[in-house]
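**Q** Listed below, chain by chain, are the residues.
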Amino acid sequence: MSDPTIRTAERIDLLAAETSEGAQELQFRRDTASGQLGREVGAVLRVDGRALDPHSVDFDRRDDETMIINMGPSHPSTHGVLRLMLELDGEFVLRTKPIIGYLHTGMEKTGEELSYVQGATNVTRMDYLSPVINELCYSMAVEKLLDIEVPDRAVWIRMLMSELNRISSHLVWMATNGMDLGASSMMIYGLREREMILAFFEKTAGLRMNLNYVRPGGVAADLPDGWQDDALVICDTILARTYEYDDLLTGQPIFRNRMVGVAPMTAEEALALSVTGPLLRSTGVPWDLRRSMPYLAYDEVEFDVIVGTYGDNFDRYAIRLNEIRESIRIVRQCIDMMPGGDYRSQDPKVTPPPRARIGESMEALIHHFKLFTEGFHVPAGEVYSAVESPRGELGCYIVADGGPKPYRLHVRGPSFVNLQAVSLLMRGGSMSDTITVISTIDPIMGEVDR
Amino acid sequence: MAPPGVVVSEGLAADLCCFPSREQYFALIESFRDDAFEMCVDVCAVDYLDYPDRWLPEGVVATRFEVVTNLLSLSKKLRVRVRVQAGDDRPEVASLFTLYPGTEAMEREAFDLLGVLFTDHPDLTRILMPEDWEGHPLRKDYGVGKVPVQFKEAPGPR
Amino acid sequence: MALEDLQHNFLTGRIEDLARWARRASVWPASFGLACCAIEMMATGGADFDLSRFGMEVFRNSPRQADLMIVAGRVSQKMAPVLRQVYDQMMEPKWVISMGVCASTGGLFNNYAIVQGVDQIVPVDVYAPGCPPSPETLMHAILTLHEQIRTGEIMKRRATDEPTHLDQTPESWTPEVPVAVRVGTPK
Ligand code: SF4
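Residue numbers (the numbering used here), protein chains in the order written: chain A, 1 to 450; chain B, 1 to 158; chain C, 1 to 187.
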């Protein structure tokens, strides 16, 4: 707390001091050790057999030749509250350091306070563009610990919902990416199409975002009547619209000039940086958990894993656009192959009794009450489950101590890890490319900071 | 697969679990990396302050902090989890940065939230919390920081 | 009589009313999207809900050009000083809508990392409940604010907040504003 009577002239320094993050920020060269500088200049050059080349690091450049500028945390194109510090030589970026934590929510701590039943409400708010997939990852971890089987219908409903969610997430990405590049109409179209999916979610789960729909043991509610027609309309419309995006963006010269060949990455670099998702696939590595380590029923549906060649911005764009089409394919198959049966496990341990029975039977009432106040006990152990979120591998590591609450909940956010590629991708690029690079990495700050 | 002396057990869901000592940790990960584990997916730490009697295989001495590293082999489609006991008062393990540069942010996060030190990490600073924050919030002896909710100001039904 | 020479219709009114009416109809929001709520804020600006019906679809990125701050999402301890700084940079008269339970009270996240209510940092005029508030809720909040601006209620509150002790030295006649607050480590 500061003295409230400090006048404007002094407040500037004070404010700068208050918003400074000290050692977390990008330092001047004179304050940076040469090893550190080398790392910042070429983040992965020290990988395996490719020693840091001293010639590629201009150690003797002086601080007064370059300029460190600050971008964010409240910046229109940083997708939330990402803050970047860039060292510029004229128009070109020499070093970049992302400074994160501006949305740190303490979700892992809160997760230890909530029971396993409540936990899904917490994790769903991490990656707010793909809430269903967050819940899915968490629920799968809990189910692994409990060792319970999920009924077929629940598995397919989960798959349907996650693919719809993937479409909506990529649509928002298309929208914001278009916006960053100045194609404001893309913003309107992307959000317009997304509304269709949100309407479906609202009909199914009651909320537009942060659904808390997938829960340990199954899903919260069955699909509404006539869902097939709704889903088909979504598929047909969005598929047709993706070709309109092609017209609008893919062939447009301004768009291509800013995307093609900008910020390329090789497969080795991507693997060394633990990058996953479209970013990894754009470098030509066909790694998609849905295909490589199938979960749910992804081994029963047909889809293609989209792979790029150059790892540049345009590949990342093309992969996301085509993944929308692949997801539509999966949704169609889900509509055709949706099995009947229960939408949640009938194991009384995790599933509350049906509404009708609560009014009649005392036991059912007590059971219901116990389940939602205390929660169920989960056998001790630790488990890691991973699913493919729109941004890469979303992992959930839970340590259970036999009680009704997780002892430790850790989430491996794909964008948290992918964000490390920023320094590499931006090196040597021009200032205006930074925008496209952030945009195509697609960091969701809620998941980065958790 | 693991060098002699490292305790190996089958974890849940058929994930392979290794329990090296702190000295073996770096060499073990290095051997895994040479054995086609191309990616280090995750590094996180756990504070076992309230849960010291957890199950561990024979021969592993439980300490308060544990660092859990998840490795992934893309070519073999295999995961392996390495759990290393990191120590009690001043938890410290080797940094994996030279093997997997992608662990940089994850190790910083473990340092920030749990105070685990990583030897030879190039830039071990806070990453999520403000720079002047005191303590490591995910430790079990650090409170949740709950503020009691008050309803007394709310006007009654009209 | 002079009125006979008039060629057009005319209205009479007080100058304050006119100013309020103009203010109400030209609110410029600053984009201050933080978390999930920001996505709903974007959706409100999008085609289906169309914030431009109220003349507000242009989210200004510079706080200097904005007079409404929609705090959309949870405010962490690290973000708090930044938020205050952005607020200070906005021009008077300025308004704040706190969107979502996180910004209003901390919501689900009653823990060390989140500021329990953004009203600890900036004065809030309208709270929009919900997690996330649907675009309709946000629009209702905006219309509520418009109404308050039009009736001038908000200005009454501002008047009571006037700085009371201004220094006599010439360089210090700018009004006092509290310096940004780092809420500090909870113990
Ligand atoms: S109120 Fe809900 S939707 Fe809004 S930021 Fe908080 S958690 Fe996200």
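Honestly, the hints are just simulated from the structure, not real lab data.
Owing to the predicted nature of the structure, the values given are computational and were not obtained by experimental measurement.
Keep in mind that a hint or two might mislead.
[Claimed, not checked] Taking lysine-lysine and the DSS-like style, the derived pairs with C-alpha atoms no more than 25 Å apart in a straight line are:
#1 A:144 with A:405
#2 B:76 with A:144
#3 A:144 with A:97
#4 A:405 with B:77
#5 A:349 with A:97
#6 A:349 with A:370
#7 A:144 with B:146
#8 A:405 with B:76
**Q** Now, for every hint given, state plainly whether the structure supports it.
**A** For each hint, the structure was consulted:
| no. | hint | in the structure |
| --- | --- | --- |
| 1 | A:144 with A:405 | 15 Å, holds |
| 2 | B:76 with A:144 | 22 Å, holds |
| 3 | A:144 with A:97 | 38 Å, violated |
| 4 | A:405 with B:77 | 31 Å, violated |
| 5 | A:349 with A:97 | 48 Å, violated |
| 6 | A:349 with A:370 | 10 Å, holds |
| 7 | A:144 with B:146 | 31 Å, violated |
| 8 | A:405 with B:76 | 34 Å, violated |
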